[in-house]
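Fit chain B to the supplied structure of chain A, relying on the hints for placement.
There are 2 protein chains.
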Amino acid sequence: MSLVLDPAAQDLLFREARTANTFTDEPVSDEQIQAIYDLIKFGPTAFNQSPLRITLVRSQEARERLVQHMHEKNAPKTLTAPLVAILSADNEFQAELPYLLPFFPNAAEVFYSERSEREQAASLNAALQSAYFILGIRAAGLAAGPMTGIDQAAIQKEFLDDDHTVLMVVNIGKPGEDAWFPRSPRLELDQVVTTI
Amino acid sequence: MSLVLDPAAQDLLFREARTANTFTDEPVSDEQIQAIYDLIKFGPTAFNQSPLRITLVRSQEARERLVQHMHEKNAPKTLTAPLVAILSADNEFQAELPYLLPFFPNAAEVFYSERSEREQAASLNAALQSAYFILGIRAAGLAAGPMTGIDQAAIQKEFLDDDHTVLMVVNIGKPGEDAWFPRSPRLELDQVVTTI
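These protein sequence lines are chains A and B, in that order.
If you're matching positions, the first sequence starts at 1 in this note's numbering and goes up one per residue.
If you're matching positions, the second sequence starts at 1001 in this note's numbering and goes up one per residue.
The following block holds chain A by itself, in its conformation from the complex (with noise of 0.2 Å):
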């Protein structure tokens, strides 16, 4: 084998991990999301920008707002899962970036002056961190539920402001009966890996 992750940690992380569409009640603890994000805030991102943010649904009334902007398929879901995620991607995430890029107080300036610019990049680096997320669940030995059938935009309109772009929602807890569909195929190296 070529790699060196420890075969139970594959298995937690990738092979046997699923993306769940039922969950037990079993709560899902703040200390579980400490926990969770201290693995994860590590993750890469271009210059170190760190954009990703998380809105924690735990109330009754929010969870009630929030599925009015989702797929019907996905609604029921999000109904029943012990806790829910909304992920979004902060544009003015150059604000923090003279603390989080100490070596290159001024980089917010060169490369981040324009809005535009600052959206592309949130939207990157706060998709990457949402993997980064997705697998930190995994870490606790919970399953993840991300879903993009929603409205975006209503939800961002509902629970963020302008200046955050919605990306996904997840659902977070232990599996529950019958959580997942078989495993789909995936493509092979040579469908996705060119060699020049």
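Since the hints were derived computationally from the structure, they do not count as laboratory data.
C-beta: ideal position from N, C-alpha, C; glycine also.
Some clues are possibly wrong.
To be verified - Taking beta-carbon pairs under 7 Å as the criterion, some of the chain A residues facing chain B (in silico):
{"no.": "1", "residue": "Q34"}
{"no.": "2", "residue": "Y37"}
{"no.": "3", "residue": "L124"}
What the hints assert, rightly or not - Just so you have them, the derived chain A footprint on chain B, three or more residues with Cβ under 8 Å:
{"no.": "4", "stretch": "1006 to 1015"}
{"no.": "5", "stretch": "1038 to 1050"}
{"no.": "6", "stretch": "1095 to 1106"}
{"no.": "7", "stretch": "1188 to 1196"}
Stated by the list, open to error - Just a sample of chain B residues kept apart from chain A, beta carbon distances all over 12 Å, derived:
{"no.": "8", "residue": "D1025"}
{"no.": "9", "residue": "D1030"}
{"no.": "10", "residue": "R1053"}
{"no.": "11", "residue": "V1057"}
{"no.": "12", "residue": "E1061"}
{"no.": "13", "residue": "A1075"}
{"no.": "14", "residue": "K1077"}
{"no.": "15", "residue": "A1154"}
Relative to chain A, chain B alone:
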């Protein structure tokens, strides 16, 4: 601790792993790339759309053409890395959906009939897969050097076609001398997470 992932795996993937700026000349083999792909291909994407495409730059000629489209600070790293990958999103990923999503064979017609919808989905989901790829490189005991300080449009024109959007270039190899800057600060949980 709230994580079940082995601490050594946490270190390998997140805590001790760093974005490398220098590399040894030890080659990265096709077998290593196969092992990385066979792990990360299981990472979730919306409707299993799997839009990430990877262009491995192995010839000196292609590498020299590539660095002409990179920021001057990034070019030297890419000239000396054992292996370089261009990561792109396939905006015509829906062609593979009947194979990738056997339980919903007409998903392409329902959700991705417009090119603009495909481009948006491909960029987000290929970014998720880019993060899986970065962590997969680390899982193989290698260092990744992802870079967005590149002319994405020029690289697309030089090496790909109009159906692909370039996301980043990733240097791959064993870290060399003085491979990284000191670890930069991260945001605190309460700067990132809001509870509603």
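How the hints compare with the structure:
1. For the restraint placing A/Q34 at the interface with chain B, the shortest Cβ-Cβ distance is roughly 6 Å, inside the 7 Å limit, so the hint holds.
2. Contact between A/Y37 and chain B, as hinted, is supported at the beta carbon level, the nearest pair being about 5 Å apart and thus within 7 Å.
3. A least Cβ separation of about 5 Å between A/L124 and chain B falls short of the 7 Å threshold, and the interface hint therefore holds.
4. Closer than 8 Å: that is the beta-carbon criterion, and the stretch 1006 to 1015 of chain B has 8 residues meeting it against chain A, so the requirement of 3 holds.
5. Judged by the Cβ-Cβ criterion of 8 Å, the stretch 1038 to 1050 of chain B is covered by chain A as claimed, because 10 of its residues qualify and three suffice.
6. As drawn, the stretch 1095 to 1106 of chain B meets chain A at 6 residues by the rule of a beta-carbon pair under 8 Å; at three or more, the given contact holds.
7. Three residues within the 8 Å Cβ limit are the bar, and the stretch 1188 to 1196 of chain B against chain A gives 7, so the coverage statement holds.
8. Residue placement check: B/D1025 keeps its beta carbon more than 12 Å from all beta carbons of chain A (closest about 19 Å).
9. Remark: the non-interface label on B/D1030 conflicts with the geometry, its nearest Cβ contact in chain A lying 8 Å away (cut-off 12 Å).
10. In this structure B/R1053 is not separated from chain A by more than 12 Å, as the shortest Cβ-Cβ distance comes to only about 6 Å.
11. Non-interface status of B/V1057 relative to chain A is broken: a Cβ of that chain comes within 12 Å, the nearest being about 6 Å off.
12. With a least beta-carbon separation of about 9 Å from chain A, B/E1061 fails to lie farther than 12 Å from that chain, contradicting its non-interface assignment.
13. B/A1075, annotated as away from the interface, keeps every beta carbon of chain A farther than 12 Å; the closest lies near 16 Å.
14. The Cβ of B/K1077 lies farther than 12 Å from every Cβ of chain A, with a closest approach of about 14 Å, so its non-interface assignment holds.
15. Once the 12 Å rule is applied to beta carbons, B/A1154 is consistent with being away from chain A; the minimum gap is 15 Å.
Violation of the numbered hints given earlier is confined to hints 9, 10, 11 and 12; the remaining hints are satisfied by the structure.
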